[in-house]
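K.L.:
If you want the building blocks of each chain, they are given just below.
Number of protein chains: 2
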Amino acid sequence: MRREITGFSNPLLKQVRALREKKHRKRAGLFLAEGLRIMTEAREAGFLPEMLFVTLGRDDHDLISALENDVLTAGGDVISVSAEIMSKLSGKDNAQAIVGIYRDHGVQLTDIDRTSAPIWLVAQAMRDPGNLGTMLRTGDAVGAGGLILIDDCTDPFSVEAVRASMGAVFTQAIVQCRWDEFTAWLRSGDGQLVGTSLQTDTDYQDCRYTAPCFILTGNEAQGLPEAYEAECDALVKMPMYGKADSLNAAIATAVMAYEVRGQMRRG
Amino acid sequence: MRREITGFSNPLLKQVRALREKKHRKRAGLFLAEGLRIMTEAREAGFLPEMLFVTLGRDDHDLISALENDVLTAGGDVISVSAEIMSKLSGKDNAQAIVGIYRDHGVQLTDIDRTSAPIWLVAQAMRDPGNLGTMLRTGDAVGAGGLILIDDCTDPFSVEAVRASMGAVFTQAIVQCRWDEFTAWLRSGDGQLVGTSLQTDTDYQDCRYTAPCFILTGNEAQGLPEAYEAECDALVKMPMYGKADSLNAAIATAVMAYEVRGQMRRG
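Top line first, the protein sequences correspond to chains A and B. Each residue of the first sequence is one higher than the last, beginning at 1 in our numbering. Each residue of the second sequence is one higher than the last, beginning at 1001 in our numbering.
Some hints could be false.
[Unchecked claim] Chain B regions said to be covered by chain A (calculated; three or more residues, Cβ under 8 angstroms):
{"#": "1", "stretch": "1224-1230"}
{"#": "2", "stretch": "1234-1241"}
[Stated by the list, open to error] Below, in silico cross-link-like pairs of lysine-lysine (BS3-like), each with a Cα-Cα straight-line distance of 30 angstroms or less:
{"#": "3", "chain 1": "B", "residue 1": "K1237", "chain 2": "A", "residue 2": "K243"}
{"#": "4", "chain 1": "B", "residue 1": "K1026", "chain 2": "B", "residue 2": "K1088"}
{"#": "5", "chain 1": "A", "residue 1": "K26", "chain 2": "B", "residue 2": "K1243"}
{"#": "6", "chain 1": "A", "residue 1": "K237", "chain 2": "B", "residue 2": "K1237"}
[To be verified] Partial chain A-side listing against chain B, Cβ under 7 angstroms, derived:
{"#": "7", "residue": "G106"}
{"#": "8", "residue": "L247"}
{"#": "9", "residue": "N248"}
Keep in mind the hints are simulated off the structure, nothing from the lab. From the three backbone atoms N, C-alpha and C, an ideal C-beta is built for every residue, glycine too.
The shape of chain A in the complex, shown without the other chains (with noise of 0.2 angstroms):
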């Protein structure tokens, strides 16, 4: 339903603030999006905020009354705030600002259709969001079917990690799992596993790639753990020309992720 609420002592604006910590986004089981082209994508692919807030007074614009009109139609609340209070929630002076509180969605292992993508991504102990959220706004435009998080990595719902994802945080299939758990599952069925590494001399474009192709990537700092370079069934590596050993992690899983795509487009 439509409310307003006008006092920054209001306890909701407390939680909402406090979705910003991963303990309260576990404990609540919800996160926060910011933007209309985020929560544009979020609404196309079938996601609506169960809370939505706007600002008192804004000019109008249509793509948030549509937003508002699902939202109030799905049975969430829209809610308007001052401008003050939707600065303090959105942390951007912008009256366009508005802030949606969406329900976590990650799925299981056993939830995912293998073969209803040609490629996956894999991460193992992820530690920057912006990384994280660029590799699922890069798996959404290879035609990737999700990301799967191995080991201790960032929280793919955090504002900076849903931010970086430009709204491919609701696209992409999302799941957390243990790495016994994951190599258990894919070896239960088809599926390539490749490793980025520098332990290896197989250049990247000499490998041949077969779907479903999950495109592994290690930590930021410290790459992939041996036992799980020896899992794979290639290591390969991208050349590179300069003085520096190592891409950016993102970088390097959209680099494999497009060559991946390429062969199997030239069939």
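Take the given structure of chain A and dock chain B to it, following the hints.
P.N.:
Then chain B, alone, in the frame of chain A:
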């Protein structure tokens, strides 16, 4: 020479902290880099800090000692500070933290020998320091000669950009100039200008690239201005298989750069 600073009120510390702001960096012609990995890259590329801050009573570390000796030999200062002061300077609680103050080293277009590298990256109005730093890192990896910054880009010498560059801020030539200056220089010699754009049907793998190839990437939100696209010798796009209509700017640049480099090595 070797010095020690134990008081928080020392004016030098205030000047160093001020280098986190662009206006102070511009005025001083200095910037700040953190961490042994980046500062070792800098050293190997021939750049030493004018001032090197280390923590009093830290454990011995060969690479830090080597860096200290080089700084002293070059006439710079090695300044020991307490762990508390270091944590203020570096924002990190880590006794191995080191901070270096470097002279900024942007160059002019006329300093560039375009034939010295097969690829050059060009960014227009790039706003995100992480993206810009990542472009520098990718540029190093693909053997680009440098990064040319057009219009109002974020400062390549900010702490965030330097960190994301992982040292490539020291190995890539960095030019800041206006669009008309760039095109006048570009057209005075050989060079293929390739823009990534949503306004084209040309697939990035269907275009033939020739060295020196200038890969032009536009602002994160707006993409390239129309007039800039019109100047390009080729406009290309990456295929998008999902719901999203674009890639992160640094990702798009990297996928392009590896395609260009891949074509060149296949001959």
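K.L.:
All the hints need checking, so say for each whether the structure fits it.
P.N.:
A quick look at each hint next to the structure:
no.	hint	verdict
1	1224-1230	violated (count 0)
2	1234-1241	holds (count 4)
3	B/K1237 <-> A/K243	29 angstroms, holds
4	B/K1026 <-> B/K1088	22 angstroms, holds
5	A/K26 <-> B/K1243	27 angstroms, holds
6	A/K237 <-> B/K1237	24 angstroms, holds
7	G106	19 angstroms, violated
8	L247	5 angstroms, holds
9	N248	5 angstroms, holds
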